[in-house]
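Asker: So the protein lines, in turn, are chains A and B. Sequential numbering of the first sequence, starting at 445, is according to our numbering. Sequential numbering of the second sequence, starting at 401, is according to our numbering.
Hints listed in this document are in silico derivations from the structure and should not be mistaken for laboratory results. Relax, there's no trap hidden among the hints.
In silico EDC-like cross-links for lysine to aspartate or glutamate, where the CA-CA straight-line distance does not exceed 16 Å: (1) B:Lys683 to B:Glu1145; (2) A:Lys715 to B:Asp704; (3) A:Lys715 to A:Asp614; (4) A:Lys715 to A:Asp500; (5) A:Lys715 to B:Asp703; (6) A:Lys715 to A:Asp517.
One-sided excerpt, in silico: chain B residues whose CB lies under 7 Å from chain A: (7) Gly531; (8) Val538; (9) Arg546.
In this text, a Cβ means the ideal position worked out from N, Cα and C, and glycines have one as well.
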Amino acid sequence: MIYDLALTIAYDYGRPSAQARNVLRVLPANRPGEQRRITGMIGITPRPAERTDRMDFFGNAVSEIAFHAPISDLTVRLQSRVERLARPLQFDLSPPLDRLGAQLLGQPALSADSPHHFLASSPRIRFDTEVTDFVRRVLPAQPTALAAVQAVGRALHEEMRFDAEATDVDTPLSEAFANRHGVCQDFSHVMIAGLRSIGLPAGYVSGILRTQPPDGQARLEGADAMHAWVRVWCGTDLGWVEYDPTNDLMAGSDHVSVAVGRDYSDVAPVKGAVRSSGQQQSTHSVDLVPVPV
Amino acid sequence: MDRVFREPVDPLAGLISGYTVPPGTADEMIGPDGALRPVWEPFLRRFARLSDEEVARRFARGDRYLRDAGVFFRQYREEGPTERDWPLSHVPVLLHQSEWAGISAALRQRADLLERVAADLYGPGDLVRSGRLPPELVAGNPAWLRPMVGVAPPSGHYLHFLAFELGRNPDGSWFVLGDRTEAPSGAGFALENRVATMRAFSDPFPVGHIHRLSGFFRAFRSAMQAAARGQEGRLGILTPGQGTETYFEHAYIARYLGLMLLEGEDLIVQNGRTMVRTVAGLKPLSVLWRRMDADFADPLELDDASQIGTPGLVSSIRAGHLAMLNALGTGVLQTRALLAFLPQIAQDLLGQPLAIPNIATWWCGQPAERNYVQRNASRMMIGDALSPDLPFEVQSARAIAGRFLDGRQGDLPGWIGAQGAAVVGQEAVSLSTTPVYEDGRLVPRPVMLRVFAARTEDGWTVMPGGYARIGRTDDATALALRSGGSVADVWIVDDAPVDTASLAASDGPFQRATPSLLPARAADNLFWLGRYVERAEGLIRLVRASHVRLAETGQGGDPRVQRIAAHLERLGTPLDQPVPQAIPDQVAAAIRCAGKVRDRFSLDGWTALRALAEDIEDRRSRVSPGDEAARALGQMLRGTAAFSGLVHDNMYRFSGWRFLSMGRALERAQGMASILRDFCDPDAPEGGFDIAIEVGDSVMTHRRRYLIETNRNTVIDLLALDHRNPRSIRFQVSFIRRLIAELPEAEINGALSPLSRAALRIETRLATAEPARLDTARLDSLSRALARLSDLVTETYLT
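With these hints in hand, go ahead and build the complete structure from the sequences.
Answerer: Written as structure tokens, this is what we have:
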């Protein structure tokens, strides 16, 4: 499936903000076998005094921009054409969960795709006993790694209510889970914490959902803004799978991924040192439309 | 064998009589044969000849030096942070050069090994790939900073300045308890240990045989210059700020080595270069000696919650423009569990064993090791595997000698099994003892050396002694150091007198090669320091004037007293108590500013300011309104005068002094404009002129100059327009104008800067004004002009 993607993120700082510097992670990922970025262009207003483009540790495309004069607003516009490769039906090639550890021992690497990056706590993923207990409760007997992922994802989807107003970008996962509500970021963080607590390497994916569903299907939750889901390592044979707990499904051709990391802090689309005392407002819009064949 | 020194020798015997080395422990002073180690003998013989009084006098001399030098460290307690005296144990630890040579060589080897490990963890990752290091100790380690992976250090190396903690085994051999690779502290304190200890043991002690510390610092200073590798720019030391426990040391080292003392907000990254915001604009920085934990250094790429970092610092390093000593991310080398793997890594990478082993460590992520720790927990310290702390430090130690530290009862081996990879077991080591002087004799206390190593162009150089930590009790296990203790100098003693070249250079500060640039933040603090002290002084004078009148009439209904109260109310500093809260508040604000510029600020001025605060606190609760309060306030005025005298008489006339003076002058001018407005107004009560004259400290002058009663014209003339009266607005404005003229960019292409122009305009206005026409409305307008002038100073230089 080939898509045209338009993404706009805009900030109104209220009053001029001195010498801003931002790191952007908005360009769709290029991942062999998963996704191919055909074109991609980032437009920034006002025009930054500096811009450098590079890849980060996890292979995400990063643009660093800086302004030498105060700015009172910032708009980032992305235009991209991207091909999401149809994913073959996944047979469950994953090992039993209790044998995953042995397979991890066979992966002694620090490279970006090593599952070892996704096992420990990370800046936004703190282990939470309530989440761990919940995960242990909903786990079927003797699951495979993949079955564990799906069981946890489904249970969370049933347990937590999608509520776009209840949390914000800084809400800790323990709080979101305690209140059983949140948005895609909260669903994903809770699921990641739960999976890591049972030894499954789990990471965070930021991305975009197809805006209008194919005929006859319901619109997915989270299609009007940037979305997030979970990436899990299910053993040597199956490798990485992606699961969207907000919508209770494996991420497929309706999901275009942008960046991967341990949690939101690794992939935030706009990180910025905006030092402003004024009220900050942001708007955010996405459009992911299939290109007619 | 109990080694009790009993040999009946002259005065020495008295000094060390009953010095009993705990069984199964090595001692620094007494050798394994029970005899005095030869390296101590000349020192002890002279020490023993001193009377108790002489010893007390000498130790007091050392302590006084430390107090006068302002050496302190900050301690965090439940009640809040406090500044503590530096806990110097006066008796140094003595080691012979031949033994030290072995230690130095071993630590140079260790430093090289750590550099290799850092280069691998941030480079190819072979140690993990080849199974020499478990991946979770790196990938799951918050100290391993992914943004730094693949970033070659612009200085050419990851490690430049290290500290090692060393202990001596019962058999006399040495071992390493931990490596300090993140931002090791203590080297500056070592210099102060040395000076203070030398004060106590100067003549007739054979100090000429002791290796000097200054050569080490000189070597590191030139190595810093070399680390710039041709990049143009200044050298700085990056501090988290005055809230940190070792801030004193940062300020001290900055002064000693002639480095800029910088905080995150002093820096800005532009086009890949790290620039310092100075009063002369942005100036490039080439090398930064980091005393801030890496995570805080850049909120954009590291901990995004950091309030003390510099956005873009990582990209400046990535661009190759900023040498960071040590490289960001080297804190990962402090990981406790790494000690379990370093011995084998040394074999594999260096082809030789560690010359001095580190504390035996077992990582419980491996089944065999976990079993071993479970079975031997009673002889171990169990702690967090990823912790960067020393084995016995409270925050990260979990169990010691088979018992949980939090007092919980339970199955320790079972707990270890459940924790697995999260914990390590470390041998419950014991340390050697060293003499401490207590109640007229020497007693043994456990000791751990902190040894500093610096990279120079010729490889690692090791600081010859300087710093040891000493336990409080005679418990010789390493645990004794948990509850704090004291610090002692370490002397490396040679048979022959040491190189006199380094003696001549002494331990004095370096010459600054280039005039130091004043960071805008430091200038801002100096500016406000000047303002707050002057504001406090103005307040004290006004409040005193009120109490004097209260004492005359005995009643609060006096219209003059009410006018002063209304004036203070209008300024937002109400007369709520006989000595209003606003006065200590202003002094506290001044102290906060002064605390942020300790490296540029005279110690005497600092001491005077602290004394003033204590004096105010001491007096204000006890005074009753009227005469008593007036006298107490008079005393406080002497305190502010002492500060101003010290600062303005003694401070070097450079940019820092200019901003301090400008703050003071602006405050004084604004204060006077405000007083004239309220006390020379037509509706001011009778006696208002006298209040203005009194607060303006110009009673005598007025009498001499006008030979008549005060009237509005004489008061305005004397306090606003007289260019000879240092209390007049015009005098202060002229002073400000001259200060501005000496600042950078006072003229731009031959034309006055907006700030210079604004100052000249106000000065001209005052020079041409007539007293009668400077009415309340014009005084208001003058106040506004002065406030704008202050804003312009801030905009031009202080942001």
